[in-house]
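Q: Taking the hints into account, I'd like the entire structure generated from these sequences.
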Amino acid sequence: MLKVSEVCRHVRSKNAGPFWITLDLWFPDRATFDRYSSSQAFQPAAIGALYGIDPTQIKCFPVPDLCVLKISYPRVRAQGGVMERDMHGGQQYVRLLDVML
Amino acid sequence: MSLSSSINILVPVGALGLGVKESDVFARVSDADAIACDAGSTDSGPAYLATGKAKYSRDSIKHDLSILMRAQAKAGIPLLIGSCGTSGGDQALEWTRDIALEIAQEHGLHPRIALLYSEQLPELMAKKAEAGRVTPLAPMKDSDPALFRTCDHIVALMGPEPYIAALEAGADIVLGGRSTDSAVLAAVPLMRGAGQGVAWHAGKIAECGSLCTTHPREGGVMIHVGRDDFTVEPLGPDNQCTVETIAAHMLYENSDPFLLQEPGCTLDVTQAIYEAVDQRSVRVTGSKLVAQPYTMKLEGASGCGYQTIMLVGIQDREVLANLDRFMAQMRDVLVTRVHANMGERAGEFDISLRAYGWNAVCGEQLDAQTAPPREVGLLLVVTAATQEVATQIAKTCNPWFFHLPLNPCQELPSYAFPFSPAEVERGQVYEFKLNHVVHVDDPMELVRTVFISAKEKADA
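Read top to bottom, the protein sequences are chains A and B. Residues in the first sequence are numbered consecutively from 1, following my numbering. Residues in the second sequence are numbered consecutively from 102, following my numbering.
Incorrect hints may appear among the rest.
[Stated by the list, open to error] Mimicking DSS-like on lysine-lysine, the simulated pairs with C-alpha atoms at most 25 Å apart in a straight line are: (1) B:K228 <-> B:K389; (2) B:K163 <-> B:K175; (3) B:K163 <-> B:K122; (4) A:K14 <-> A:K59; (5) B:K163 <-> A:K59; (6) B:K242 <-> B:K398; (7) B:K175 <-> B:K154; (8) B:K242 <-> B:K156; (9) B:K156 <-> A:K14; (10) B:K228 <-> B:K242; (11) B:K154 <-> A:K14; (12) A:K3 <-> A:K14; (13) B:K389 <-> B:K154; (14) B:K156 <-> B:K389; (15) A:K14 <-> B:K242; (16) B:K242 <-> A:K59; (17) A:K59 <-> A:K3; (18) A:K59 <-> B:K154; (19) A:K14 <-> B:K398.
No wet-lab data here; the hints were simulated from the structure.
A: What follows is the structure, given as structure tokens:
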């Protein structure tokens with residue numbers, strides 16, 4: 001078992017408009033992408049549990065040409081309100097790093 | 102329309118005000134058919150739309166716009182700026198207009214400037230919602246007309262049509278209100294007969310300037326848009342576009358990397374092919390455009406309460422070893438004191454404690470095994486109905502926020518607070534309210550175009 005941070009060469013998160021966050025996971029090569037990108041840990045049920053999101057709203061896009069897995073999920077609260085802690089959503093990827101694959 | 106050669110768009114920077122490099126622009130402007138970039142985004146939060154104020158400083162905008170206006174005049178090609186003043190609202194557009202007129206006067210320039218207004222009256226959008234002409238976008242589920250009436254400002258994102266109409270009517274410079282980033286860059290290629298799919302795709306790839314290059318802080322790019330292909334190259338001679346940097350830009354701030362919804366169309370890049378032309382430029386083919394009913398995305402924001410904050414630094418090891426308990430105790434003490442001292446005068450309020458260095462960003466309970474931090478910055482955020490009440494609540498919290506011991510029988514500590522007075526009035530809090538599209542019969546229906554002459558204004 002390896003952590004996401006040990007498998008991926010780069011992981012990032014960012015707003016995709018004020019109502020969505022998008023995660024991009026970059027695998028080092030096609031073989032690693034093929035082996036891990038459809039892991040249970042990246043399925044909507046697991047991502048939903050990790051981020052507290054309804055799994056039916058989560059979208060996953062494998063981009064094999066780039067060896068990237070993209071996962072997009074709606075924000076719990078729209079960007080920028082009273083309870084905002086991460087305006088750009090730029091730190092939301094961090095909790096993925098220790099997930100075991 | 103026949104297309105004998107590519108249409109070349111110089112994209113000087115990812116956002117006006119970020120830093121246009123004069124030497125790069127003047128070195129390449131003679132190869133360009135137009136200069137285009139955007140000046141706005143929702144990405145820095147709702148305050149800019151709700152207040153009409155810009156994110157970047159006036160001097161930063163003036164620095165960049167001055168270079169572009171002088172390059173426009175020298176080359177005699179159109180200059181298009183989208184989403185002026187961050188939000189692209191009317192006030193932000195006119196703020197940009199005034200900077201442009203000042204530049205024109207200072208440099209003896211006489212461009213014909215078109216202003217494209219796309220701010221919408223909340224009541225009009227509520228009526229559109231009542232008429233069933235507004236559709237919610239996920240995760241929103243309905244289009245309650247009341248929601249539109251709660252917005253202080255609403256903008257509709259324009260497509261390329263108003264830019265094209267302004268250029269056809271003789272504009273040298275088009276300053277646009279809120280627009281999709283891609284539309285501003287695609288406008289001139291579409292007007293001059295380039296392929297629709299490649300024009301939109303090129304616009305999307307180049308929208309953030311050099312973010313699609315190997316040196317994302319190095320200025321801009323040039324897009325060469327043809328009938329069936331487009332090529333992207335960096336402006337800076339030492340920078341590079343690679344197949345990966347270009348293809349990967351479809352990931353950036355997009356929830357879907359293959360399909361991009363734009364006014365009146367969907368860009369589909371599922372079959373796009375990216376090939377290196379040489380060491381620094383990339384050619385793209387296979388971009389497709391699917392026509393859709395014409396819709397404009399709506400963004401709306403409004404104010405919702407006021408905040409006052411206080412910050413304290415804590416190095417006390419016993420507190421840090423029991424930080425969650427300490428914060429829970431503190432919250433109880435502060436809320437109880439506010440109720441006891443202020444009663445109903447406090448109104449509906451919120452006290453949020455955020456320990457930077459511990460769990461302020463995630464806001465969740467950490468694993469019990471997590472080692473204590475060496476120090477934390479504990480931020481107190483008070484939200485209330487008015488600034489005055491928020492500040493009174495913060496002042497009511499003051500003694501215990503700075504001197505609450507971990508255990509009741511300990512002597513009173515003094516945590517390290519950096520400011521006097523301790524409280525900082527942060528102003529109003531703003532929220533994004535809308536995630537909808539409005540259906541229009543014509544791309545110009547919700548857009549007002551105003552022509553101004555820099556010369557007349559300068560003479561006035």
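Q: If you draw a straight line from the CA of K389 of chain B to the CA of K154 of chain B, is it 25 Å or shorter?
A: violated (37 Å)
Q: Does K163 of chain B pair with K175 of chain B here, judged by a C-alpha cut-off of 25 Å?
A: Satisfied, since the Cα-Cα distance of roughly 18 Å is no more than 25 Å.
Q: Assess, step by step, whether the Cα of K156 of chain B is no farther than 25 Å from the Cα of K389 of chain B, and give holds or violated.
A: The given pair, whose Cα atoms are some 34 Å apart, is violated under the 25 Å limit.
Q: Does the alpha-carbon distance linking K3 of chain A and K14 of chain A stay inside the 25 Å limit?
A: Measuring from Cα to Cα gives roughly 21 Å; hence the hint holds.
Q: Between K59 of chain A and K154 of chain B, does the CA-CA distance stay at or below 25 Å?
A: Violated. K59 of chain A to K154 of chain B sits at ~34 Å, over the 25 Å cutoff.
Q: Does the structure keep K163 of chain B and K122 of chain B at a Cα separation of 25 Å or less?
A: holds (13 Å)
Q: Between the alpha carbons of K175 of chain B and K154 of chain B, is the straight-line distance 25 Å or under?
A: violated (31 Å)
Q: Is the hinted pair K228 of chain B and K389 of chain B satisfied, with a Cα-Cα distance of at most 25 Å?
A: violated (35 Å)
Q: When you check the alpha-carbon spacing of K242 of chain B and K156 of chain B, does it fall within 25 Å?
A: At roughly 31 Å apart (the allowed maximum being 25 Å), K156 of chain B and K242 of chain B break the hint.
Q: Within a Cα-Cα threshold of 25 Å, do K59 of chain A and K3 of chain A meet the stated pairing?
A: holds (22 Å)
Q: Is the straight-line distance between the alpha-carbon of K163 of chain B and that of K59 of chain A 25 Å or less?
A: Given pair K163 of chain B, K59 of chain A is violated - Cα atoms ~41 Å apart, limit 25 Å.
Q: Quickly compare the C-alpha distance for K242 of chain B and K398 of chain B to 25 Å and report which way the hint goes.
A: Roughly 15 Å between the alpha carbons, so the hint for K242 of chain B and K398 of chain B holds.
The structure does not agree with the numbered hints 1, 5, 7, 8, 13, 14, 18 stated previously, though it agrees with the rest.
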